[in-house]
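*Asks:* This is what each chain is made of:
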Amino acid sequence: MTARDFTERDIHMALDGELPAEERAAYELWLEANPDMKARSQRFATDLAALQNSVAGVLTEPVPERFERLLSGEKQPRSDAPPRWRMAAAAAIFVAGGLGGYLLGISGWGSIDAAASQLAEGAIAAHTLYAAEKLHVVEVGADQKDHLVGWLSKRVGVKLVAPDLTAQGFELVGGRLLPAESKAAAQFMYQDHTGNRVSLYIISDATTKETGFRLLEEGGTRSLYWLDDGYGCAVTGTLPQEALMTIANSAYRQLLDGMKG
Amino acid sequence: MDQRRAAILAEIPRLRRYARALLRNRDSADDLVQDCLERALGKLEGWRTGDNPRRWLFTIMHHLFVDQMRREKRRGETAMLPIETSEAMAVPAYQAESVASHEILDALQAISPDRRAALLMVAVEGFSYAEAANVLGVPAGTLMSRIARGREELRTILEDGSRRRAIRVIEK
Chain A
1 MTARDFTERD IHMALDGELP AEERAAYELW LEANPDMKAR SQRFATDLAA LQNSVAGVLT
61 EPVPERFERL LSGEKQPRSD APPRWRMAAA AAIFVAGGLG GYLLGISGWG SIDAAASQLA
121 EGAIAAHTLY AAEKLHVVEV GADQKDHLVG WLSKRVGVKL VAPDLTAQGF ELVGGRLLPA
181 ESKAAAQFMY QDHTGNRVSL YIISDATTKE TGFRLLEEGG TRSLYWLDDG YGCAVTGTLP
241 QEALMTIANS AYRQLLDGMK G
Chain B
1 MDQRRAAILA EIPRLRRYAR ALLRNRDSAD DLVQDCLERA LGKLEGWRTG DNPRRWLFTI
61 MHHLFVDQMR REKRRGETAM LPIETSEAMA VPAYQAESVA SHEILDALQA ISPDRRAALL
121 MVAVEGFSYA EAANVLGVPA GTLMSRIARG REELRTILED GSRRRAIRVI EK
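In the order they appear, the protein sequences are chains A and B.
Residues in the first sequence are numbered consecutively from 1, following the UniProt record's numbering.
Residues in the second sequence are numbered consecutively from 1, following the UniProt record's numbering.
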């Protein structure tokens with residue numbers, strides 16, 4: 001068999017099962033002789049597996065009833081609202097358009113991530129600074145909770161509550177006002193019976209973006225943060241991620257209730 | 001339920017998987033699947049039972065996807081995007097998704113719809129190049145270059161992402 005020249009194109013064909021079986025052996029030899037190409041092939045294979053895994057679970061999800069009804073001939077009324085996928089499709093165009101800038105490193109995942117990670121960085125810096133403080137951990141103590149919450153709400157510009165985290169084993173120590181870019185941030189500090197501290201860091205966010213919970217780790221300090229309608233919050237501490245998650249879930253609900261109420 | 005409807009029903013899990021990877025958002029994806037099923041049911045008479053229902057359905061869904069992308073593009077992206085972006089980026093509530101899955105699905109949203117569709121058809125749905133080219137309505141050479149560029153883009157985004165310290169996205 002005469003070995004033909006292989007190119008990067010063959011890497012894709014091999015991954016996608018399009019490389020003729022009789023060329024396979026020569027292709028493998030070519031990979032061995034070209035470490036760059038081998039590395040690329042392995043990287044693509046890893047991404048391919050991740051991609052397949054990421055949606056593999058969808059196949060075993062039960063088929064929504066509305067689809068079964070549709071196919072059995074029962075007319076399924078549709079809402080008048082524009083289908084959500086159209087909006088998502090539009091967003092996809094936008095995201096793709098932003099890709100050039102992204103690849104050049106000009107912007108991150110876009111402004112959402114930039115804003116959100118600034119929030120987390122600020123929260124971690126503030127937590128690291130004040131959680132280590134023995135005497136002046138807070139500006140206003142929990143004994144003046146109403147005053148503290150009212151004051152911080154006014155300065156931050158968000159209707160705040162100091163979430164009750166006793167179910168998670170944490171008592172409010174108090175809070176303080178902090179600078180955050182050109183705005184103000186509120187920090188509520190909590191402590192458990194062993195002296196472990198967790199803080200909530202909250203800023204106003206006028207952009208009505210929403211994110212899921214995200215995690216930023218820096219030097220053993222973790223911050224779970226999110227942007228929601230009108231505000232951003234970061235729950236920061238050295239606790240394991242699961243414990244932070246429980247606190248973040250509780251804080252999220254209480255902050256939301258506080259803003260509605 | 002007749003044979004044809006049963007054949008369509010059997011393809012729903014795959015249609016949902018493809019739509020989910022294509023659009024990221026679960027509800028948006030299922031809306032696309034529903035559009036596709038409605039269109040398919042409307043054209044049922046034109047479909048011969050001997051034909052492969054999978055290719056037929058994926059073709060219908062792809063047309064719906066492309067039409068909509070074009071329409072939105074004409075309508076002007078900037079006006080409606082600041083709001084919509086957050087929707088696409090938002091994490092579906094309580095979705096059990098690993099960090100790796102989250103990263104790759106996010107990265108996928110950042111590559112062009114054409115490349116995304118080509119890559120998913122072959123890499124996830126297991127269509128051959130010839131079948132995928134047929135469904136997407138492009139020559140095989142175009143399909144191949146979309147796949148190659150799509151993979152390359154995806155790799156760049158993921159590598160860039162992993163360089164960015166330890167920011168990880170986890171579910172809400």
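In short, the hints are calculated from the structure, not lab data.
The structure displayed is predicted, hence computed values, not measured ones.
There may be inaccurate statements among the hints.
[As the list claims (entries may be wrong)] One-sided and incomplete, this derived list gives chain A residues near chain B with beta-carbon spacing under 10 Å:
hint: 1; residue: N53
hint: 2; residue: G73
hint: 3; residue: A243
Every residue gets a Cβ at the ideal spot worked out from N, C-alpha and C, and that includes glycine.
*Asks:* Take the hints in turn and mark each one as holding or not.
*Replies:* Consistency of the hints with the structure:
no. : hint : result
1   : N53  : holds, 6 Å
2   : G73  : holds, 8 Å
3   : A243 : violated, 14 Å
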